[in-house]
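Colleague: Chains as they are written, first to last, in this note's numbering: chain P, -17 to 205; chain W, -18 to 563; chain A, 8 to 77; chain L, 8 to 77.
If you're looking for bench data, these hints aren't it; they were derived computationally from the structure.
Keep in mind that a hint or two might mislead.
The calculated PhoX-like cross-link candidates involving lysine-lysine, where the alpha carbons are at most 25 angstroms apart (straight line), are [claimed, not checked]: (1) K15(L) - K63(L); (2) K20(P) - K318(W); (3) K308(W) - K267(W); (4) K15(A) - K57(P); (5) K365(W) - K36(W).
Keep in mind it's a predicted model, so treat the numbers as computed, not measured.
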Amino acid sequence: MKFGVLRFPGTCDEVDAQLAAERVANAEILWHGDRDLKGVDAIVVPGGFSYGDYLRVGAIARFSPLMESVIDFAKQGGPVLGICNGFQILCEAGLLPGALLPNRSLRFICRQVDLVVQRTDTPFTNACEEGEILSIPSKHTTGCWYAPPALHEQVEANGQVLLRYAPGQNPNGSLADVAGVSNEAGNVFGLMPHPEHAVDPLTGSVDGLKLFTSIRDSLAAHV
Amino acid sequence: MSDAAAAVPAHRALGLTDSEYDLIVEKLGREPNAVELSMFSLMWSEHCSYKHSKKLLRQLPVEGRYLLMGPGENAGAVDVGGDLAIAFKVESHNHPSAVEPFQGAATGVGGILRDIFAVGARPIAVLDSLRFGEVGGDDSARSRYLLEHAVGGIGHYGNSIGVPTVGGEIYFEPPYEQNCLVNAMALGIAPHDRLTRSAATGPGNTLILFGALTGRDGIGGASVLASAELGEDDADKRPTVQIGDPFAEKKLLECSLELLDEELLVSLQDLGAAGLTSSSSEMASKGGLGLDIHVDRVPVREPGMEPFEIMVSESQERMLCVVEPDKVDAVLAVCEKWETTATAIGEVTDSGRLRVLQHGEVVGDMPVPALVDECPLYDLEPAKPAAAVYPAPERTLAAADDDLAAILPELLRSANIASRLPVFEQYDWLVQSRTVRRPDEADAAVLTLPDGSAIAVSIDGSGRRVAADPYRGTVENVVECAANLACVGAEPLGLTNCLNFGNPEKPHIAWQLTESVRGMADACRALDTPVVGGNVSLYNEGGGGPIYPTPVVGIVGRLPDAARAGRLGFAHAGDAIAVVRA
Amino acid sequence: MRVLVRPKAGILDPQGQAVERALPALGFGGVSQVHVGRLIELEVEDPAQLPAMCEKLLVNPLIEDYEIVS
Amino acid sequence: MRVLVRPKAGILDPQGQAVERALPALGFGGVSQVHVGRLIELEVEDPAQLPAMCEKLLVNPLIEDYEIVS
Ligand SMILES: Nc1ncnc2c1ncn2[C@@H]1O[C@H](COP(=O)(O)OP(=O)(O)O)[C@@H](O)[C@H]1O
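Next comes chain P alone, as it looks inside the complex (with noise of 0.2 angstroms):
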C-alpha cells in the first residue's frame, strides 16, 4: 500500500512523514499544485506553515487544487490523516468539525504529552490497546481546538473524539482535552501532535508508528 504526503508552500514536516510512512509501507509526496493523487491508498495532509499560517491556519492551503482532489478521496471513503497543520487545513476544509484556536498562551509550545487513546475500532488506531497513552511529541502556536456547544456535543456523542490529553497535559486549552478528533464516517482524523515525530527510539518515543500501522492495517483487512 503507499500513503501519499501533501506538500504546500510552508510545509515543514512532510519529509518526516513520509519516512514515518515508510516504515511500515510506501510513501510518496504529492504536489499542492497537481491534481492526480498518483493512486495513493491513504493520504497524509503534514504539518508546517502553509501559506506561512497567513490570513487563518490552514485556510489558503485549503483551496490548492490537490485538496479538492483529497476531498473527493474523502468523501468516497478513503483514509486522510491530517496532523498539525494538515489538523486545520482539513477543519477549514470542512471535512473535520471545529476549528483550532491560538493557544491559551498565545506562545508556540513544543513538548512531550501523553494522549489517551479513546477508541480503538477506527482505522487511526486499531494498532493501539483500549486506553492505552501514547507519549507523542506536540509544537505549534494554534492548536486549541474549539466546537461550539452543539456541535460539541455531537462530535462526543458519536464518539469522533479518537485522542486526548492526559489529563494535566494539554498545552493548548483544547475543549474537553480533545487532542484529536474524526469526522463522522470515521475515515478523516486529525490530531495536533505529531506521530510522525515519534518512530524511532534514538529521536523520542516510537509511539506514534501506531498510527501509521492502524492505517496500514485496516486497509489491508478490507482488502
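Following the hints, position chains W, A and L with the ligand against chain P.
Modeller: Coordinates of chains W, A and L with the ligand only, in the frame set by chain P:
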C-alpha cells in the same frame, strides 16, 4: 533636507572620513555620484570591510584536516564523512534587535539561514546566543520585553521555516542593558559536490535576482542622498524595521536547493547587509570579473525607487545567482513553481567594473576591486586600561549565613542559573527528525546523520570572564565549548565565532579585542580546530558604556555512534560518580 | 474597503484577555470587553463580491463574525 | 471603541500579499492593495486614554499605524 544636514558633506553623513573620501575620488579618477557614494559608503563600512578587525582575524588558524571551505564564503564547511559536509556560521543581529526585538531576532535567523543555503546546504539546525540586562529588578521591564520578544522572533522564524532550534545560551548582566546581543548560528548539510561558491564566472552569463520584492528597507543612513522625490514628510516611507517573512524564505530555500539539485546555477549568493551592492560586488570580486546591473529591471515593492535605493535596499529574503544564458528559462520555471519572483537583472562582464544602469544609461561605474578590497584597513591602538572598565558585580548572596538549604534554591532561582525550559519550549527542536539530544538533555545538541554517526554542536560565550582577562577568558571560552562537545563524546571539527565588542577605536576596547583574538587563535591551535568563518560586531556601546567583550564561539564536532551520545543526569541508582580533570 | 473580523461572542479570545490583563499594570484602568480580531483592507473593483470573499476565504464563520465598511 | 491597526506604509506586509495572491485563484478578480492588520475592540471609561494605550501597548509604532474609531 534641513540646512544643518546640508552643512555636513554627504560622505561624512554616510560615515566615511575625509581621507577615505579622497581615496575614493582617486580610485574613480573623479568625484563619485550619489549612487557610487552610497555604494562605497556601505562597502567601506565596518560591517562590510572589517576595516578595524581584518588584520587581527588573520591570526586565526584556518587550516584543518576536516576543513572543506574556510572563511571567505557565505559559510564555512567541514567534512563529516559519508561524502557529507556540514556548513555553519554564526552572525549577530544586535542592533536591529535592540530597536525591535521580535523582527530583529527573526530577521537575524533569516539572514544566517540564507548564508547556509547560499552555499548549497540544507539548514538542519539553529542555535542562539543572547545577552540582556538584568531581568530581576523593578526597572527591568525593558530587558524583560527584549528577552520575550527576541525569543519569540527566533522561534517564529525557525519554527515557521522548519529548521529546529537545538541549543543556545542566555545571560543577563548590566553591561548588556543598553546593548542586547542577539547572535544566531545555523548549520546545514550537503553532499560535498553540492557545496556552492559565490564567485561570478563566465562573461556573458546572466545575473538573476530571486525572492522577495525590493522595498525601501534599511536605507537608513543613505537617505541623505535622496533627491526631492521623497520629501521630509515621507521619511516614514523608509522603514527602519525590516519584517521577516519566513514563508517567503521557506520558498526561497526550497527553490535554491532545487536549482542546485538540477545543476542550473553557476554561483549563488544571499543578500544581506548592503543588499544588492555587497552581494553583487563580492560575486564579481571573487570571480575577478565585472557585472552590469539594470536597476530598472529589479522588481520593486514601491513605485518611484531611485537607483541608489535599489542598490542599497536591505529587503530580506532575496538571493542572487549567476546562470548560463541557455539555462535562464529553466531557472525561471523553478522559481515560478515555488511562487518566487525571479528576474534577470544583469550580466557578467569581463570589464572588472560594477556598472549600474537605468533604462540603458550608466548611473554608476566603479572598479570592483576598489569597492570590495581596497578599503583602507586600520591598525588598532590597544592599551591595557589602568583601572577596571566595569564595576565589580554586586554580591547578591549573603555568604555569611551558610544556610545551604536556603542558598541553593535561591541560586537555582536566579536568572542566570534558572532552567531555560520556558525559552526553548518556544522553539521547535525536533523537526527534521535528527535531534538525538535536545536542549537540556546534554551539554551539546546531537543530531544524527544517515549512517548512524552524529554531529554535536554547542555555542558559548562568557563576557564576564573575558572582561576580567580577555586572553584567558577567551581561551576558557573555546575550551568550554569544546568540553561541551566532549561531554557527548564528540571530537571538534571546526569553529565559528562572533566577536561582539565595543568601539575598537578606543584603546582599551582595542586591547580587549586584540587579546581575545590572540586567545581564540591559541586555543584553536591547541585543539587543532580551524576557524571556518564568523562575524564581527563592534561599537556595542550604549549610554551605560561598552558591553562586556563577548566573543561567542560555536563548535561543530562528530561522534561515531549517535546511539552512544552522552547525556546529562544520573542514569542509574548505584552508579559511581567521578570527577575528571586535566 | 475594510473588513472587520472579530471572534464570535462566547469564543475564547486569549489575545483580548492578555490585553485586558496588561492594561491595568500599565496604569490604564476602566477597560473591559477587549477583543482582538483582524482588519483586512483592500481595493475591489466589484464590491458586491466582498461578502462572497468573506464567506469563502477571509472569515471562518464557525468562529468569526465580520462586518464590511467602506 | 475600536482601534484599527495596520502595517505602516512601506513596511512589508506578507499576509496582505498572501491574500492578494490567493483571491484570484478562487475566482475573485480585480482585487488589489490588500493589507492585513488587527482590529481591537474595547470598552474604555475614559476614551481620552486610548491614544496613550495604543502607543504603549496596543500598537508597535515602529511598524504599525493606527486609527481610533467609535
Ligand atoms: N570573527 C571572525 N572569524 C573568522 N572569520 C570571520 C570573522 N568575522 C568574519 N569572518 C569572515 O569574513 C567574511 C565576511 O563576513 P560577513 O561580511 O559577515 O559575511 P556575509 O556578507 O556573508 O554576512 C566571511 O567569510 C566570514 O566568515
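Colleague: Give a verdict on every hint.
Modeller: So, going through the hints one by one against the coordinates:
no., hint, in the structure
1, K15(L) - K63(L), "holds, 17 angstroms"
2, K20(P) - K318(W), "holds, 19 angstroms"
3, K308(W) - K267(W), "holds, 22 angstroms"
4, K15(A) - K57(P), "violated, 29 angstroms"
5, K365(W) - K36(W), "holds, 19 angstroms"
Hint 4 alone, counting from the list given before, is not met by this structure.
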